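Visitor: Chains as they are written, first to last, in the working numbering: chain A, 1 to 181; chain B, 1 to 181; chain C, 1 to 181; chain D, 1 to 181; chain E, 1 to 181; chain F, 1 to 181.
Honestly, the hints are just simulated from the structure, not real lab data.
No experiment lies behind these values; they were computed from the predicted model shown.
Be a bit skeptical, because a hint or two may be false.
Since the list can't tell identical chains apart, any single copy or any two copies may satisfy a pair.
Straight-line C-alpha distance at most 25 Å; calculated BS3-like pairs for lysine-lysine [claimed, not checked]: (1) Lys43 / Lys65; (2) Lys13 / Lys46; (3) Lys65 / Lys111; (4) Lys138 / Lys181; (5) Lys13 / Lys51; (6) Lys13 / Lys55; (7) Lys111 / Lys5; (8) Lys65 / Lys51; (9) Lys74 / Lys5; (10) Lys74 / Lys51.
Protein chains: 6
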Amino acid sequence: MFIHKIDEDVSLKLIELSDDERVFDLTNNSRDHLRAWLPWLDKTTKLEDTKEFIKICLNGFAENKSMNTVIIFKEQIVGVAGYNSIDWENRIAYIGYWLGKGHQGNGIMTKTARALTDYAFNDLNLNKIEIRAAIENKKSRGIPERLGYVKEGVIRQSEWLYDHYVDHVVYGILAEEWKGK
Amino acid sequence: MFIHKIDEDVSLKLIELSDDERVFDLTNNSRDHLRAWLPWLDKTTKLEDTKEFIKICLNGFAENKSMNTVIIFKEQIVGVAGYNSIDWENRIAYIGYWLGKGHQGNGIMTKTARALTDYAFNDLNLNKIEIRAAIENKKSRGIPERLGYVKEGVIRQSEWLYDHYVDHVVYGILAEEWKGK
Amino acid sequence: MFIHKIDEDVSLKLIELSDDERVFDLTNNSRDHLRAWLPWLDKTTKLEDTKEFIKICLNGFAENKSMNTVIIFKEQIVGVAGYNSIDWENRIAYIGYWLGKGHQGNGIMTKTARALTDYAFNDLNLNKIEIRAAIENKKSRGIPERLGYVKEGVIRQSEWLYDHYVDHVVYGILAEEWKGK
Amino acid sequence: MFIHKIDEDVSLKLIELSDDERVFDLTNNSRDHLRAWLPWLDKTTKLEDTKEFIKICLNGFAENKSMNTVIIFKEQIVGVAGYNSIDWENRIAYIGYWLGKGHQGNGIMTKTARALTDYAFNDLNLNKIEIRAAIENKKSRGIPERLGYVKEGVIRQSEWLYDHYVDHVVYGILAEEWKGK
Amino acid sequence: MFIHKIDEDVSLKLIELSDDERVFDLTNNSRDHLRAWLPWLDKTTKLEDTKEFIKICLNGFAENKSMNTVIIFKEQIVGVAGYNSIDWENRIAYIGYWLGKGHQGNGIMTKTARALTDYAFNDLNLNKIEIRAAIENKKSRGIPERLGYVKEGVIRQSEWLYDHYVDHVVYGILAEEWKGK
Amino acid sequence: MFIHKIDEDVSLKLIELSDDERVFDLTNNSRDHLRAWLPWLDKTTKLEDTKEFIKICLNGFAENKSMNTVIIFKEQIVGVAGYNSIDWENRIAYIGYWLGKGHQGNGIMTKTARALTDYAFNDLNLNKIEIRAAIENKKSRGIPERLGYVKEGVIRQSEWLYDHYVDHVVYGILAEEWKGK
Numbered sequence: 001m002f003i004h005k006i007d008e009d010v011s012l013k014l015i016e017l018s019d020d021e022r023v024f025d026l027t028n029n030s031r032d033h034l035r036a037w038l039p040w041l042d043k044t045t046k047l048e049d050t051k052e053f054i055k056i057c058l059n060g061f062a063e064n065k066s067m068n069t070v071i072i073f074k075e076q077i078v079g080v081a082g083y084n085s086i087d088w089e090n091r092i093a094y095i096g097y098w099l100g101k102g103h104q105g106n107g108i109m110t111k112t113a114r115a116l117t118d119y120a121f122n123d124l125n126l127n128k129i130e131i132r133a134a135i136e137n138k139k140s141r142g143i144p145e146r147l148g149y150v151k152e153g154v155i156r157q158s159e160w161l162y163d164h165y166v167d168h169v170v171y172g173i174l175a176e177e178w179k180g181k
Numbered sequence: 001m002f003i004h005k006i007d008e009d010v011s012l013k014l015i016e017l018s019d020d021e022r023v024f025d026l027t028n029n030s031r032d033h034l035r036a037w038l039p040w041l042d043k044t045t046k047l048e049d050t051k052e053f054i055k056i057c058l059n060g061f062a063e064n065k066s067m068n069t070v071i072i073f074k075e076q077i078v079g080v081a082g083y084n085s086i087d088w089e090n091r092i093a094y095i096g097y098w099l100g101k102g103h104q105g106n107g108i109m110t111k112t113a114r115a116l117t118d119y120a121f122n123d124l125n126l127n128k129i130e131i132r133a134a135i136e137n138k139k140s141r142g143i144p145e146r147l148g149y150v151k152e153g154v155i156r157q158s159e160w161l162y163d164h165y166v167d168h169v170v171y172g173i174l175a176e177e178w179k180g181k
Numbered sequence: 001m002f003i004h005k006i007d008e009d010v011s012l013k014l015i016e017l018s019d020d021e022r023v024f025d026l027t028n029n030s031r032d033h034l035r036a037w038l039p040w041l042d043k044t045t046k047l048e049d050t051k052e053f054i055k056i057c058l059n060g061f062a063e064n065k066s067m068n069t070v071i072i073f074k075e076q077i078v079g080v081a082g083y084n085s086i087d088w089e090n091r092i093a094y095i096g097y098w099l100g101k102g103h104q105g106n107g108i109m110t111k112t113a114r115a116l117t118d119y120a121f122n123d124l125n126l127n128k129i130e131i132r133a134a135i136e137n138k139k140s141r142g143i144p145e146r147l148g149y150v151k152e153g154v155i156r157q158s159e160w161l162y163d164h165y166v167d168h169v170v171y172g173i174l175a176e177e178w179k180g181k
Numbered sequence: 001m002f003i004h005k006i007d008e009d010v011s012l013k014l015i016e017l018s019d020d021e022r023v024f025d026l027t028n029n030s031r032d033h034l035r036a037w038l039p040w041l042d043k044t045t046k047l048e049d050t051k052e053f054i055k056i057c058l059n060g061f062a063e064n065k066s067m068n069t070v071i072i073f074k075e076q077i078v079g080v081a082g083y084n085s086i087d088w089e090n091r092i093a094y095i096g097y098w099l100g101k102g103h104q105g106n107g108i109m110t111k112t113a114r115a116l117t118d119y120a121f122n123d124l125n126l127n128k129i130e131i132r133a134a135i136e137n138k139k140s141r142g143i144p145e146r147l148g149y150v151k152e153g154v155i156r157q158s159e160w161l162y163d164h165y166v167d168h169v170v171y172g173i174l175a176e177e178w179k180g181k
Numbered sequence: 001m002f003i004h005k006i007d008e009d010v011s012l013k014l015i016e017l018s019d020d021e022r023v024f025d026l027t028n029n030s031r032d033h034l035r036a037w038l039p040w041l042d043k044t045t046k047l048e049d050t051k052e053f054i055k056i057c058l059n060g061f062a063e064n065k066s067m068n069t070v071i072i073f074k075e076q077i078v079g080v081a082g083y084n085s086i087d088w089e090n091r092i093a094y095i096g097y098w099l100g101k102g103h104q105g106n107g108i109m110t111k112t113a114r115a116l117t118d119y120a121f122n123d124l125n126l127n128k129i130e131i132r133a134a135i136e137n138k139k140s141r142g143i144p145e146r147l148g149y150v151k152e153g154v155i156r157q158s159e160w161l162y163d164h165y166v167d168h169v170v171y172g173i174l175a176e177e178w179k180g181k
Numbered sequence: 001m002f003i004h005k006i007d008e009d010v011s012l013k014l015i016e017l018s019d020d021e022r023v024f025d026l027t028n029n030s031r032d033h034l035r036a037w038l039p040w041l042d043k044t045t046k047l048e049d050t051k052e053f054i055k056i057c058l059n060g061f062a063e064n065k066s067m068n069t070v071i072i073f074k075e076q077i078v079g080v081a082g083y084n085s086i087d088w089e090n091r092i093a094y095i096g097y098w099l100g101k102g103h104q105g106n107g108i109m110t111k112t113a114r115a116l117t118d119y120a121f122n123d124l125n126l127n128k129i130e131i132r133a134a135i136e137n138k139k140s141r142g143i144p145e146r147l148g149y150v151k152e153g154v155i156r157q158s159e160w161l162y163d164h165y166v167d168h169v170v171y172g173i174l175a176e177e178w179k180g181k
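From just these sequences and the hints, can you work out the full model?
Guide: Structure follows, in structure tokens:
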């Protein structure tokens, strides 16, 4: 019901239980595509798993610890994005996102990440946002780079991806840096 | 962040913790006005009480048992409305609402209740909606009556209001009745 | 162990875990009979389900939110009755009941409901009692009618019964009305 | 509401929240008397403490782990007795009890303990009952002795009583022993 | 990681989740041997059961209610010992223990029980320790007897062991008695 | 009771509730010293706060999510160190530590961090360890540097310290790197 409209084509909607089938179908249809960089595909094999994920999202939102949205492009759910966690003591949000197969290259995720950055600084009054991406994941790294995030380090062997470890690049942007943009 | 736009002036926004001050101020400024028909004013005397209320709302939303919104009129929070509870087994939603002092008479609540009725039937696929109002509360009863709800009974001494009991009129509308409208 | 004796033949006993087999057998032997008006038969198919129900009853009793009893007629459990919930803020109890097949027509339920009404007003000091019955369920409606309860409304499509909705008649009686009886 | 009648004068009633004032008053009026042998008097100084105790009793009953009753003598609450805990794996109940000041010497507690012993063996189908009493507490020790319980040991310094340790005599009776009586 | 060294050969180590396989294997290889006196063998048939037991141990330790260790003899886990519960109000610890098959007769358990008795009096500042053993279990009874514990009673039919009841001898030692040793 | 001996002078002991006074006194006596780099001093003003911290430590240990120890130097508690969290999915431990005033410069913390690194790789079988230190905190940064940890990044404005943000240097070491040492 609740929508944050970014432009004519792209909106964010707080994820809800009634999105379960559409999010699961998107996951299922993009399984190989997503599995290259996301660690949870093999644990998300049936609708019930997506339901469980949405419940965790909603509890995190209710406790003011996270906020997950579905990305709507031309009335279709094409991805998930949000704050995986919010550290209120240090005023930092951690943004995460993924797009289903075939939806890349339209600028959807750049717009989404810009909207989430804006909201974190302007409405939630946070001080910093971080985005992490695997060092080889060029597409994902392009998002914070296009938005002017600063590369702060390469955290080695940060994530186990089915059969190998992956290094993460950490990008960060400060409230004072964003304001100038 | 998340908005359901009803028309140029009126929107509903999922209630969030960051709304606490504005909702508490609205409550405080409308205290005498609201106390005539709502039983919780004497238990809502400080900001912390409103925070507690919002947490209960968010937990209910996360568990898919209720949904509460703030009503925004010309960028200002003017009231609270939503489904106090949703009975999924019998597919019934129970709508509740209040407007702060000075915001009556602009049709805000009728639009809000219509939007909530629409959403319950069209998106949540429910079968019935009920609205209860005190028998003497003409303004509140006007809302379901204008929307074509059917009066189903007068439940006597249904609520204790500080120092006396109040009879409630129960209004209901069925999905099949709403479709024709 | 604990009994409320109504007359020579009829008593109420707080439901206990050790009643599980007798309550389940009664349910099982009256399955078709009860299924006409009660929605939970298809979810009560094995002893474990009745145990779960009794635990919920006992927790409700421990939290002072409900009170369920087994009805004993000539040393045999013949039904279940009690306050499904007690609304202490508004001082209202909601009575529910059922009798196993073959035990109707002996006045057992009228005596039971009278005793529960008495206890709610005299000992619990409540202000109102409500009983709901499906509009077509003549036998069930006869109980509050015989005890002088007032018909307060017909709540349409109030309950989903396996494959159709059922309208409920709401009956209520106030403490001041009961005292004259 | 629920009573287990022992004889014309003495009954047991499952303890309920509505007994709070009467149990607290009895405690308060017997404070010095009870403090000689019971360790909880200094932690039971206001009505709220007795309420908390009753809630613990009711939760224990709901979970089938204990059962506490008030002893009613000529329509007045004169004490508390019951199974402090029930060990279902080994089928043992542990009986505890106290009488308010001035109610001793009428045989009330012997009748009560006999009824609790009967119920444990005949209805709960337990195998053993234990009663513990401080070695110097002649009156309390008289109860199991009169009922034929066997002295099984003296557990030294078993309980801290405000400013000194107390030795406990353990009495036990087996189902097979009780049947002969 | 954390060790309490008793002598060159024997140590106690706080039980940890990573001990699960070694404790389960020890249990499995000593099954018939242990089943003679311990009631939980038939409920410990797979690794998961031992894991569950270790979690309960760790929770009890975190809540300061119990403390369980694995006994290490020449770098091998040979048994489990500890305080099954600690009664802080009355300052009593209840020691329990078992050794795997083939490890008896080396004095391991006497050293272990002595260390646990020492620690309870000297570090935890308790007032009494109790050890219970089945009346026929000569080896187990030898431990408290060698350490100078006093026999305080025989609690009849205290434990159900698969197909028969077992009497327990209760041994106790007081802080003042231990100091002289 | 449970000790991990590093050398003649230095040991680690799993933190326990009975350490509360010594840890609180150490905190209190080092307050200004610690406040320069640790954010929790103003929330640790009474014994109860340290107790609460220890309970959180013990629960984390019981759930296998963290492990905190007190550092003992010549029989005196001089600091706290451990794994603030363990990420089992990615096999990473996060080490944290602090020393009370006057205990720096003895090599205690380097030995402690080496022992914790050893244990994480050799016993817990983890793949990576991270240590974070404020960029200006030379003493703290010296620990991972001396142990051969690799500097992986500078995470800007990572922590709010009473009245300003602090940048964190992230150091990491991999299992394969440690083995060669």
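Visitor: Kindly indicate which numbered hints from before are broken by the structure, ordering the numbers from low to high.
Guide: none
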